[in-house]
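**Student:** Residue numbers (the working numbering): 1196 to 1639.
One or more hints might be untrue.
Unchecked claim - Computed cross-link-like contacts, DSSO-like style, restricted to lysine-lysine with a CA-CA straight-line distance of at most 27 Å:
#	residue 1	residue 2
1	K1479	K1502
2	K1535	K1479
3	K1377	K1635
4	K1571	K1554
5	K1472	K1402
6	K1621	K1554
7	K1567	K1353
8	K1481	K1462
9	K1481	K1571
10	K1567	K1635
11	K1294	K1316
12	K1567	K1502
13	K1462	K1421
14	K1353	K1479
What the hints assert, rightly or not - Taking CB as the label site, the calculated pair distances span:
#	residue 1	residue 2	range
15	E1614	P1420	19 to 27 Å
16	A1422	A1455	36 to 44 Å
17	K1429	A1455	29 to 37 Å
18	G1432	S1454	36 to 44 Å
19	G1392	A1455	27 to 35 Å
20	D1559	D1324	54 to 62 Å
21	L1506	D1324	33 to 41 Å
22	D1324	R1568	57 to 65 Å
23	E1452	G1349	20 to 28 Å
24	A1290	R1562	22 to 30 Å
25	R1352	K1429	23 to 31 Å
These are computed hints drawn from the structure, not numbers from a lab. Keep in mind the model is a prediction, meaning the values are calculated, not measured. C-beta: ideal position from N, C-alpha, C; glycine also.
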Amino acid sequence: MNSLKLPLLLVAIASAAFAATPPRTFPYPYEKHTLPNGLTALLIPMESPGIVAYYSVVRTGSRDEVEPGKSGFAHFFEHMMFRGTKKYPQAAYEATVTKLGASTNAYTTDDHTAYHLKFAKDDLEQVIDIESDRFQNLSFSLPVFQTEAGAVYGEYRKNITSPFALLNEKIQDLAYDVHTYKHTTIGFERDIMVMAGQFDYSLSFFKRFYRPENVVLVIAGDFDPKATLALIKKYYGPWARGFTAPAVEPEPPQTAERSAEISYPGKTLPILAVAYKGDAFDPKNKDYVAALLLGDLAFGETSELRKRLVLREQKVQTLGASIPLNRDQPLFQIFAMIKKPEDIATVRDEIYRTLEQFKTTPVDAARLRDLKRRNKYSFLMGLDTPGAVAAALARFVSLTGDIDIVDQLYAAGDEVTAEDIMRAAKKYFVPERRTVVVLKGGQS
């Protein structure tokens, strides 16, 4: 498609959607189907001549690793799912993907695991065949399991050489007492080190979580929905139910600030992370939706603090905030990479001062309005290919199993006022919810 025509197309689609009731933000028509075994398929036909994106979203991530000593298995299965089945052993699966000219990969988060492919529309049935097969019939031997466990530990050792990975590991461990967000997606090192001895547990993990009721297919691009649904029923229909959600222990309320300083063995600028216990993703929670906007207003690219610390005073290399979409209570984080160690306390206090200001001073109405428009426009303009559409939806469908949550979130955001921003600041950004970690390099 001509790239110059794309913005006009999205505006036209969005305008037609907004005319409907309730208000629509997601611009493409879609179908939702649930098979008798509980598998959900979200079909999004869109103009993309000959190209299809295929996401299998497993609504299980590191959050679901509730057994002590068993962290890291959601990420581990991201690896194992490429090890093949009796019908398509690993070499045959890889050869099939290569023959199709498809691109395939996967990733794991705290709340979900996603497997994705992009390929030509004529190969859709072949893709449904190989994907449905590995989700139902994954097969691996003890030696293969042990080899992959070693590779996962190697990945951990490589990742932890990043100062940001080390910082993230520390802040999650410090901030949470009992909830499984206490460990990162890859898991505690002590658990990964002994993973090779957990073969029987790995088989039970697959049987528990890789079930149709716990999986959502997101298919976007150039395909016929009716014919595709028939193929999904044919190949996924025999998949037996069997999912039971794990009992994730809720995190008790935090009552006082927590803090720590850690050393990074290599050279890095100091990094400051200030985290506050937030709320789970819920478009009906106006405080939560207001916090999403507050993060950008206070610490985003157009924020006054960033202009001053990064551009004018040049005390900070980077400054930003993360207000995540999570199934359970996440950390609302502000982070700064600071140029000089002696400025750490000053930058920290400026972050606190900025948050206090948002508790008492209403944000300018025009600035708030512009941010809402910019966020929506950015979201829409990112939906220009089947792969981008499926990728943008994966997190949402992992939380709710549906696409309409996107419309609910943006509609809720449109209703946020300056008073809502102040209320959210007063609720979330208080010392008793706060965890602060400073990382300093050995040669900073």
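**Student:** Decide, hint by hint, whether the structure agrees.
**Tutor:** Here is how each hint holds up against the structure:
1. K1479 x K1502: violated, 33 Å
2. K1535 x K1479: violated, 42 Å
3. K1377 x K1635: holds, 22 Å
4. K1571 x K1554: holds, 25 Å
5. K1472 x K1402: violated, 33 Å
6. K1621 x K1554: Distance of about 6 Å is within 27 Å: holds.
7. K1567 x K1353: violated, 39 Å
8. K1481 x K1462: Violated, because 42 Å separates the two Cα atoms, which is more than 27 Å.
9. K1481 x K1571: Holds, at roughly 18 Å.
10. K1567 x K1635: Judged against 27 Å, a Cα distance of about 36 Å means the pair is violated.
11. K1294 x K1316: Since the Cα atoms of K1294 and K1316 sit roughly 14 Å apart, the hinted pair holds (cutoff 27 Å).
12. K1567 x K1502: holds, 20 Å
13. K1462 x K1421: violated, 57 Å
14. K1353 x K1479: Given that 27 Å is the threshold and the Cα spacing comes to 40 Å, the pair is violated.
15. E1614 x P1420: 19 to 27 Å: violated, 44 Å
16. A1422 x A1455: 36 to 44 Å: violated, 56 Å
17. K1429 x A1455: 29 to 37 Å: violated, 54 Å
18. G1432 x S1454: 36 to 44 Å: violated, 54 Å
19. G1392 x A1455: 27 to 35 Å: holds, 31 Å
20. D1559 x D1324: 54 to 62 Å: Given about 56 Å between the Cβ atoms, the range holds.
21. L1506 x D1324: 33 to 41 Å: With a Cβ separation near 54 Å, L1506 and D1324 fall outside 33 to 41 Å, so the hint is violated.
22. D1324 x R1568: 57 to 65 Å: violated, 44 Å
23. E1452 x G1349: 20 to 28 Å: violated, 36 Å
24. A1290 x R1562: 22 to 30 Å: Distance hint for A1290, R1562 is violated at roughly 55 Å.
25. R1352 x K1429: 23 to 31 Å: violated, 43 Å
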